Every structure is written in structure tokens, then in C-alpha cells.
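Asker: Top to bottom, those sequences are chains L and X. Per this note's numbering, the very first residue in the first sequence carries number 1; after that it's consecutive. Per this note's numbering, the very first residue in the second sequence carries number 1001; after that it's consecutive.
Calculated from the structure, these hints are not laboratory results. Everything numeric in this text was worked out from a predicted model, so none of it was measured. Check each hint, because a few of them may be wrong.
Cβ-Cβ distance ranges computed for the label pairs, FRET-style [stated by the list, open to error]: (1) V1093(X) with W225(L): 38 to 44 Å; (2) S161(L) with T1142(X): 51 to 57 Å; (3) S1014(X) with F339(L): 45 to 51 Å; (4) N271(L) with A1062(X): 55 to 61 Å; (5) E252(L) with T1142(X): 39 to 45 Å; (6) L1015(X) with L168(L): 17 to 23 Å.
Built from N, CA and C at the ideal position, the CB exists for glycine as well.
Residues per chain are reported as follows:
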Amino acid sequence: MTRSTELVKHEARLAYLLLLPSFIILIVIAFYPLASVFVNSFTDKEFASARAVNFVGLENYGRLLGLTVKPLPPLTDPASGQIQRDPASGEPLYERPVKVLPREPRRYKELRQFNLLGSRYVLGASDRNFIRGMADTLAFTLLSVLLETFLGLIIALVLHSRFKGRGLMRAMMLVPWAVPTAVSSRMWAWMFASTRIGFVNVLFQNLGLGDGQIAFITEEAWQLWVMVAIDVWKTTPFMALLLLAGLQLIPEQMYEAANVDGAGKIRQFWNLTLPLLRPTLAIALVFRTLDALRVFDVFQIVLAQKRYSVASFIYYQLIDNQAAGYSSAASVIIFFLIFLFAVLYIRVIGGVQNEE
Amino acid sequence: MKSKNIAARALRSSLFWLLIVLIFFYLAFPFYWAVNSSLKTEPQLQMTPATMVPRDAGGDFAPSLQNYAAVFANPRFVRGLINSCIVAVSTTVLALTVGSFAAFALGKLRFRGKTPSLYVILAMTMFPQVAVLTGLYAVIRTLGISAIPGMILSYLLFALPFTVWVMTSFFKGLPTSLLQSAQVDGATPFQSFYMILLPLTAPALVTTGLLAFIAAWNEYLFALTFTSIQPSARTVPVVIALFTGQVSRQEPFGEIMAAAVIVTIPLIVLVFIFQRKIVAGLTAGAVKG
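Can you make the complete structure from the sequences, with help from the hints?
Answerer: Here is the structure:
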């Protein structure tokens, strides 16, 4: 009895000792930067400026997240009191959003208009770029992580089976991940060029799509898809390699047992491979989602100020607007969003979460 | 009956090979396009429609090595390659060593505060790099370390949580009975860690190592900031990004692509060497009949 408690104590001591180096490193490099992000988010601090810093409370957060919905009254003819209608379509005409959106204490700008129960409303945001960046980042994350998981799983399964040239394929698989993002983004921007010097336009034209002049990078409808395409190409290898390593850890005896039991390949995949791959899948998903939510290089290099991800919005606010306090608040918001995703994944799919 | 089976197998195997070819093209084609672009001169790059191989005005195959010559003639590029090697290797080795200690504790030992530790470690990478940039810069200035160790330390910010998490999950996947039987044989937990568990997780070590290495090799934003006052410490991505053409304000796209090809090939070789290790590990013991 005493021997076993002694053993448990010894084990715990060893555990703390083993964790110590990691925590020392993380405290040294992470504590101050992260703490200062939190503190700055409540101030109006400017980047590289000698101006006095004021505490502003939740002002930054309010400005970033400020959303409002206002009804848009239809325009009436002052003489007759009749609702004015568009002469061509017969649709009623509405007040301009600028007139109904609040100006004090913060000025709201139109994000979009919508109809609900026969009335027209306008959705306004006090920082349109941030709200749009947030929505784009979420859409980007969802699409790219979904595609990467799907493709990564297929590639991992294919490269897990035996065939001639597997070694070469495994080396090839990592090529996209190996090209520096700073360079691969430029390369893709070139492939997506808006004239026929770009490969994609040449390809589309040969397939009978478009006129060879599609402005993938400047046209709003294409921008997000281009970002997803670049990111999926670039990071599918990350997913595939992690999943491949996970597949390698499944003992072959298990498959042999399943073969004896007469389970088909598809049943084996659902009942054996996938459950055993779950911890690896969870971790791959956590890190991919985390990276996708913080996406910076691709947006910054290809789209610059044309369209923001949250991280490139933060960069713009910090470097070009020198709004250190404001950009810190945006960082804290994305931090909580990422934290939420991480906890959600781990709760739902499992992984390294402990049962205690 | 038999011939039907053979036909089905032939169909399956050709579909499988089709899939391999498709995957190969998807992954390799954009890189091929970089190689193709790197062999073109500026006028060839501007040709419409874009050509699948470098061609001259008459349509003949006409590759040019001038971009490669220009890249290697650039002393900053060679210097950058060396810097990148130092930074990426040190980051990977540090992250794997320190990280697998922590991961062993988190994956196999019993102690209080396991889940909070995991979350705290993960939380370190939950901020966008841009957000911690200024704070990190201040820390590195205060500690008085120069750019290269500064980069190595700051890359641990993303490499360490990643290694710890992946390795923890792999350690957890190993049967606890291994550890117990080692203890029965009189091994201390630490001995069983480096003599039994560590060799068994070789595939995980190689995988995380490769991924961390490449992430460090490719990092751009921290490198750009920390080397701003010490240009001799610049890593390859920064050097490439700062390439300027002979004609001012013209982006030397061909040279950028040539540099990209040059920095990617060592990594492909590296992966080719190490990928055998991914196959080793647990499956090595299993005999396949």
C-alpha cells in the first residue's frame, strides 16, 4: 500500500520535472507578449509612438464587434403620402441606410440589407472590415479544413498501401508544404493572373470556361475560393503526413483479425481504421483549424488590403494605422474564438483529453 | 467465376493507379509550374497564352538558366540558406527533445493538472503571430540575444506546442503494459521512456520533426522583423522576398521561382531519406504474410 503511493508520488514528481523545460521556455517567450496583448487591448496605445497611453475599457471591443439592425422605412411622397416605387420594377424605394444607422457614439456603416416579414432592414457594423474579415476567415477555415481533411485522408490511405514508387510518392507528397508560403503565394498569384500569362486562365479557356480574362484576384466572388485553393494545396500534405503516421501506428494484426472475420475493406475502414485514427485526426484538425483561423501570409501577399483575414486586418491596424491597442483587441477576440474551437474539437472527437 | 475475379482485381488496381497519378499531378503540378517559370526569361514569362515549357518566339523549346545563375551569384542567398539550416535544425532538435519529455509525462504518467497543462501549452499558439510580434521583439531585445537565437526561441512558440500535442497522443496510443512490464523488470520510468517508448514512437518523432522543421524553414514574419537590424542573419524566405530586379521596381519573378526551386529540393531529399523511418516503428515487428 505505502509502496504504491510512494510510486505514484515518484511518478508525479518525475512528470513535473519532465514538464519543467517546456514551461520555462514558454514562460520566457510567451508570457510577456501574450500578457501585453491582453493589457493593450483595453488601451488606446499606439505602435512606435511616444503619445501617452489611456485606459479605454471595452471601447476597442465595442468598436470591433459593434453590430446593429435598423428598420429601413419606405420613402413616401411628401405631397400624397404614397409609398414611392421604382418606376421600372415597381419595388418600393427605401430610405438610405446612412440616415437610419446610428452615428453616436460610433458611426455604423452598412454591411447588408435584408427583408424580413415584409419590412426591410439594414445590418450595420461599426467596423465593416473587421466583421467582414471575421466572416471571411470563418468561411475560409471551414472550407479549407474540410477539404484538407478529406483529401489528406485519401492521400494518407493511398500512401499507406503498398505499391512500387511509394517512397518517391511520400517525398513528393510534402512538396507543397515545403515551398515557403511567402513564395508559394506569389507562385499561385502568378498562376491566377488575370490574363493569359496565368495558367488558370489558359486552362479555363481551353476547357471553354471564361474568356481568358477572369480577374480571380480582384473579383470579389473569386477571392475567397482562390485563397481556399492555395491553402488546400499547401497544407493538405500536413494533414496527410500526420494521418499517415497515425495509420502506421495501427498494428497490422488488427487488420489480419478483421480479414479472418471476413470484414470487407469498407467495413474495416469505418469500424477499425477510423476509430483508431480518431486521436490523430483530432490533433490534426485542432492544429489545422488553429492555423486556418490565424491565416496571414496568403491573404497578405495575394490580396493585401483588398480583402482581410482577421490576422491581416490586425497587421494592417498595427503597422499601417499604428493602432496597437485596437489590433490587440482583435487578437484577443480571435484568441477566444480559437480556444472555443479547440475545446469543442477535443470534447467531440477526443484526442489527448484525459478521462479523469 | 475465376476470370470475373481477375477482371475485378485488374479494374481495382487500375483505378488505384489512376488515383495515384491524380494525386501526383495535383501535388506536383504547381511546383512544376514554378520550375517551368524559373527556366523562362522575362519576355517568355509575359507570353500569352502561357506555355507549358519555356519556348522562344518561334515556338521552340528554349530554357534559360540565367535565373539560377543570378540567384547563386547573390551572396545573401547563400548566406540565407546557411542561416535557415541553423535556425530550422536547432528549432526542431530543441522542440523534439523538450517536447517529447513533456509529452511522455502528459501521455503516460499519472499526476494532477494534466488537462490544464495541455490547454496552457496549446494556448501559446492561439494568438496570430502578428499579435505577439511586438511583445516578442521586446523580450528578445531585453534578453539581449541576437537575431538567430532569437528566431530559434520564438519559433518554439509554434513548434513546441505542436510537438507536445502530437507526441502526447502517440505516447497515449502505446500500451501501458509495456511501461508496467519494464517497471516490473526494475526499470525507472525515465529508463522505460528512453529505452522502450522513445524508439517505438520513431514514426511520430520523424513526422513531427519533419513538419516542425519545414514550418521553421518557411517562417517569414518573425524572421523579417527580427533580422531587420541584422541583415546578415536573414533566412531564405526573407532573402527571397527582398529580391530586387536589375530594373528597379520590376519584380524578378523568374529569380524568385528559381530560388523557390533551389530551397525546396533539399527538403524533398530530406523527406525521401526520412520517409523510410515513418514506415519503421511499430509495423516493423509485424510479419506480413
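Asker: If a hint holds in the structure, say so; if it does not, say that too.
Answerer: Structure-based check of each hint:
For V1093(X) and W225(L), the Cβ-Cβ distance of about 39 Å falls inside the hinted range of 38 to 44 Å, so the restraint holds. At roughly 53 Å, the beta-carbon separation of S161(L) and T1142(X) lies within the given 51 to 57 Å, and the hint holds. Here the CB-CB span from S1014(X) to F339(L) is close to 48 Å, well matched to the stated 45 to 51 Å. The hinted range of 55 to 61 Å is satisfied by N271(L) and A1062(X), whose Cβ atoms lie roughly 57 Å apart.
The hint said 39 to 45 Å for the Cβ distance between E252(L) and T1142(X), and at roughly 53 Å that hint is violated. Take L1015(X) and L168(L): their Cβ atoms lie about 20 Å apart, and the range 17 to 23 Å holds.
The structure is inconsistent with hint 5 alone, although it conforms to all the rest.
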